[in-house]
Structure formats: structure tokens, C-alpha cells
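Residue numbers (our numbering): 1 to 529.
Treat the hints as calculated values from the structure; they're not laboratory data.
Be aware that a few hints might be false.
Said to hold, decoys possible - 35 Å max Cα-Cα, derived DSBU-like pairs, lysine-lysine:
#	residue 1	residue 2
1	425	253
2	334	503
3	495	425
4	520	503
5	360	294
6	302	194
7	495	138
8	495	302
9	192	425
10	387	520
11	503	294
12	494	425
13	302	192
14	253	387
15	334	360
16	253	334
17	495	520
18	117	503
19	494	387
20	360	194
21	117	360
22	334	192
23	302	138
24	494	520
25	117	138
26	302	253
27	302	117
28	37	138
29	37	503
Unchecked claim - Have a look at the derived ranges for each label pair, beta carbon to beta carbon:
#	residue 1	residue 2	range
30	75	146	45 to 53 Å
31	211	20	26 to 34 Å
32	386	346	26 to 34 Å
33	330	471	47 to 55 Å
34	453	253	52 to 60 Å
35	360	195	21 to 29 Å
36	492	191	32 to 40 Å
37	191	302	27 to 35 Å
If you're wondering where the values come from, they're calculated on a predicted model, not measured in any experiment.
Where a beta carbon is used, it is the ideal one built from N, C-alpha and C, also for glycine.
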Amino acid sequence: MVAVVNSWNEIVPGHIHLREIAEQVKLGVTEAGGVPKEFHTIAVCDGMCQGHLGMQYPLPSRDVIADSIEIMVQSHRFDAMVLIPGCDKIVPGMIMAALRVNIPAIVLTAGPSLTGKYGEIDVITTTDIREFAGRAQKGEITMEELQRMEEAAIPSAGTCAMMGTANTMSCLAEVLGLTLPGCATALAVGSKKKRMARLTGNRIIRLLEAGITPRDIVTRSALENAIAASMALGGSTNSVLHLMAIAHEAGVKLQLEDFDRISRQVPYICNIKPSGRYALADLDEAGGIPAVLKTIEPHLQKDHLTVTGRTLIENNADIVPPENDVIFPLERPKRAEGGIAILRGNLAPDGAVVKQAGVKPSMYVFQGRARVFHSMEDASEAVSNDKIAEGDVIVIRYEGPRGGPGMREMHMTTSLLVGRGMDEKCALITDGRFSGSTRGPCIGHISPEAAAGGPIAIVEDGDGILIDIPNRRLELLVDDETIRRRLSSVQLLKKPRSGVLAKYAELVTSADKGAVLVTKESQSEEEKK
């Protein structure tokens, strides 16, 4: 009996077509001699959660999805499963569940939407809309123009058409070896995704017969290949959280140092929005993830099994490296280093994350004065009302996994900064996180977070802050004695908590550990190590 785990709902554009896709999966399972049984999970759209307190819930939903699938599969003793995720947290949540229950499993991702177009703009995505909102505030475009652009940005079902978190994690699911080759970039609409769905249904029965399970596939080699691909793609910084959580379920110890080591080796080569020019449909036409993997093959681990029964390298043996403006060659990369960098310093002793692919070179090193806020809303209001000046470093704290709780995306503030042309004049640092569509000098995941007594809790207005991406530094320019004095007397802010967020705040670990949920006893044991 094969579980078909669907995340269809009528709310989210990235999921609205999945009922039809699941029917093709079930047909494929039946053709191959299996008995498919479908059930559903929750599925939250991060984009719809932007700009309000609903953004506290997407990251916790990742673990709720994993828990609910574990409960259903273990309760009903399924033999295998096909997982059908779409948007940001659903992909990692389903992969985490697959690793927990460890029965044969294949992932079939929802696929990107068609590319939006507006006037002379041949590629318009939700990233652009958020930034155009800043331009509308400045009077550079009218509200009517903004509305027409918004209506053009998502012209079909499917995940947002840029390399945001949804498409990053879909691509990494393919790199991990959990999907059939070519799945990630196959568009949500059209026959290719339907064929992929039916083939996935066929293949799960063969996988069951072979006895290949997710933990046979998601090894350290697979995870390092996924990190390498994320660096080449210019993927979302959320991939750091999710790959660490996936590694946790796989029993593999992954650290921030692994990401930075691979970032220094694997260059950023994919010219995809938000850091590049093109959309996911263009990446699909350029050869998709197989073409990306063929290009970075010298950097890949070779002993990596996939759901095809072959290794990742064997799957791509017949692929010819592309020559186009979408996937750059290794010898002529878009950036010499990978898309993500890990920073450390007295402001982030346990690490911080930046999408360096989305930072203009003029901002790789930036020194400014702190402007401190305790919420994204307060910071966004300051930007909107022209209360942020050139040379400011916006500090948004108490937005971490525990302090938020829920580690909201600061995307409303970052989009306003970029849209208002301030991304070469100001920077932003936070213990929260960012949308996969964020670009600009934005450093997130600062650990320890403010709610845990991290140094970000003691920053005061006017303090000097140094961001040095090439040297991987994030420093509070205050003398050591002042830092010690402030830390000894800091009064930590505790935001109101209730319901699932209260439970989440009690169990969640730091961002540098992937914000996974563990018992207090396990947290204490880990701290002793």
C-alpha cells in the first residue's frame, strides 16, 4: 500500500493544481501493481504571510508537517509513499518525515509557475512586486501600475517563478536524489509535470521492490552535493536551516562550517532571479538541475545513490554542459564564490548567514551605525517614513526561532530598502530570517538570538557595526569591557506566546542548528558537548 501524501489546497497558488497531479501519481502506482491511498497535509504560503503576525507560523509548520506525516504513515503501516510538496516549508517538512519513517519514498515537487510579463518587463516575479512597492511609495510608479504588475506576477498555478525558498528546496530535493531527474524545474502546468507524476507512481513500486529507503539516499555525500548545488544556484538562505534539519533527521552532523567551506569552492553560476535575470522556466529550458549538476560535476561527491537506483553522476552521464546566459560555465562564473556565506564575530559568535549573491560588490564591506528595532513592523515603518539615513545598519532583534517566536522573514523591510534604492547606502542585520526572494546587504540567522541572550540583544542606537563578507566577519565595534557590562545587565524581552507558538518556543533550537525541535533534555546534552 502506497501513501500519496498531497499538500493540495485552494488557498496557495503553488498547491492549487496538486489534486490533478496526485491523480496521475495514483494512476502510475496502480499501473505498476500497487494500491495508492491519498491523504493531505497543511501547506502555508510564506508570501501570503508577509507583513503581519501570520509570518510566525510558516517555520513551525515545517515540523508540524513532518509530525503529521509520521503519525499517519506509522499509524496505518504504509509500505511506501510519494510526497507531493510545493511551497517553502512543505518540501523540507515532507523530506524530514520521509527520513523519520524511512520507508521507500519519492518526492514529486509542484513545479514553478509560468513567467510573469508586464509591458516591456519580460520577467516579473513576486520579488519585483515587493520591491516595486517601495518605488510606489516614492512616487516613481502609480498604485494602478503596481496593481497591474501584481496581477501579472503569477500567471498560473505553481511556485513563485524565481529562486526563492520553494524552488530552491525543490531543486535540492532533486539534488538529494529524492525525485526523478528533471522534476524540480518541470513547470506546474503542461504535460511534462503530469508525465513526471505518472512515472513517479511507477517508480515507487520499483523502489519498494529494491528496498531502497530515504536514509540510503540522504547521506553526508548527498547533503554536501545539495549544499554545492545551492551555492551554484544562488539559492535561498532558508536552505541552510532546512538542510540542517534534514541532516538532523538523517543522523548526519552538518555544521555552518560545511556551508562556508563549500561556498568557497563552488561558484555561483545560475543567472536566476532574485539575484539574476531569468525565471525558473528559463532554467528548465536551459536543461534544469541535470545541466547545473553537469556543470559543477567536478565539485560533486560521486558515491551518492538516488531514487533511480543509480548515482547522481550516473543519472547525468549523457548530459552536455550548456552554453547559454542562464547557466554560466565554471571557468566564467557569475560570482567566484557560492551564493551564501557564513559570517562570525562578536555580534554572531555562533554564526550568521548572508546571500552574498544578492549583495552588490560595493556593499561587501560596510561599516555603519546601529538603528535598533524590536520588530519588523517598527523597522518597516521607519524606512517608509524616511527615518533611515545613509550609513545606518538596521538591527531587528527578538525575531529568532524562540524570540519571535517562529523566526519571521524580514522581507517587508528588505524589499522597501531595495525598492527605495537604499541597498547601497544601508544594511540590515537580524536574528530573524529572510525570504528566498530577498536581495541586498541583509544578514540573518544571527546566533545566539536576542531571546537567548546573544550579543545582538545589547546593541544600542549609534553603535558601530562592521559587515565584512570577504573576511566573513560581523562585528559590534564596542570595546570588550562595555560588551561584558551590557551582557551582565541586559533585560531580555519576552514576547507574548500562546498555542502552538508557545510549544514551539519551548522546544526549538538555535538557527545555527537548523531550528529543529528537540526536548529540553536533548538540548542540555547538546550544550554539554
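Taking the hints in turn, this is what the structure says about them:
no., hint, verdict
1, 425 with 253, "38 Å, violated"
2, 334 with 503, "43 Å, violated"
3, 495 with 425, "31 Å, holds"
4, 520 with 503, "12 Å, holds"
5, 360 with 294, "28 Å, holds"
6, 302 with 194, "30 Å, holds"
7, 495 with 138, "33 Å, holds"
8, 495 with 302, "47 Å, violated"
9, 192 with 425, "45 Å, violated"
10, 387 with 520, "42 Å, violated"
11, 503 with 294, "44 Å, violated"
12, 494 with 425, "32 Å, holds"
13, 302 with 192, "28 Å, holds"
14, 253 with 387, "44 Å, violated"
15, 334 with 360, "12 Å, holds"
16, 253 with 334, "30 Å, holds"
17, 495 with 520, "20 Å, holds"
18, 117 with 503, "43 Å, violated"
19, 494 with 387, "26 Å, holds"
20, 360 with 194, "40 Å, violated"
21, 117 with 360, "25 Å, holds"
22, 334 with 192, "29 Å, holds"
23, 302 with 138, "52 Å, violated"
24, 494 with 520, "19 Å, holds"
25, 117 with 138, "23 Å, holds"
26, 302 with 253, "20 Å, holds"
27, 302 with 117, "40 Å, violated"
28, 37 with 138, "53 Å, violated"
29, 37 with 503, "31 Å, holds"
30, 75 with 146: 45 to 53 Å, "48 Å, holds"
31, 211 with 20: 26 to 34 Å, "31 Å, holds"
32, 386 with 346: 26 to 34 Å, "31 Å, holds"
33, 330 with 471: 47 to 55 Å, "24 Å, violated"
34, 453 with 253: 52 to 60 Å, "25 Å, violated"
35, 360 with 195: 21 to 29 Å, "41 Å, violated"
36, 492 with 191: 32 to 40 Å, "55 Å, violated"
37, 191 with 302: 27 to 35 Å, "34 Å, holds"
The structure fails to meet hints 1, 2, 8, 9, 10, 11, 14, 18, 20, 23, 27, 28, 33, 34, 35 and 36 from the earlier list, while all remaining hints are met.
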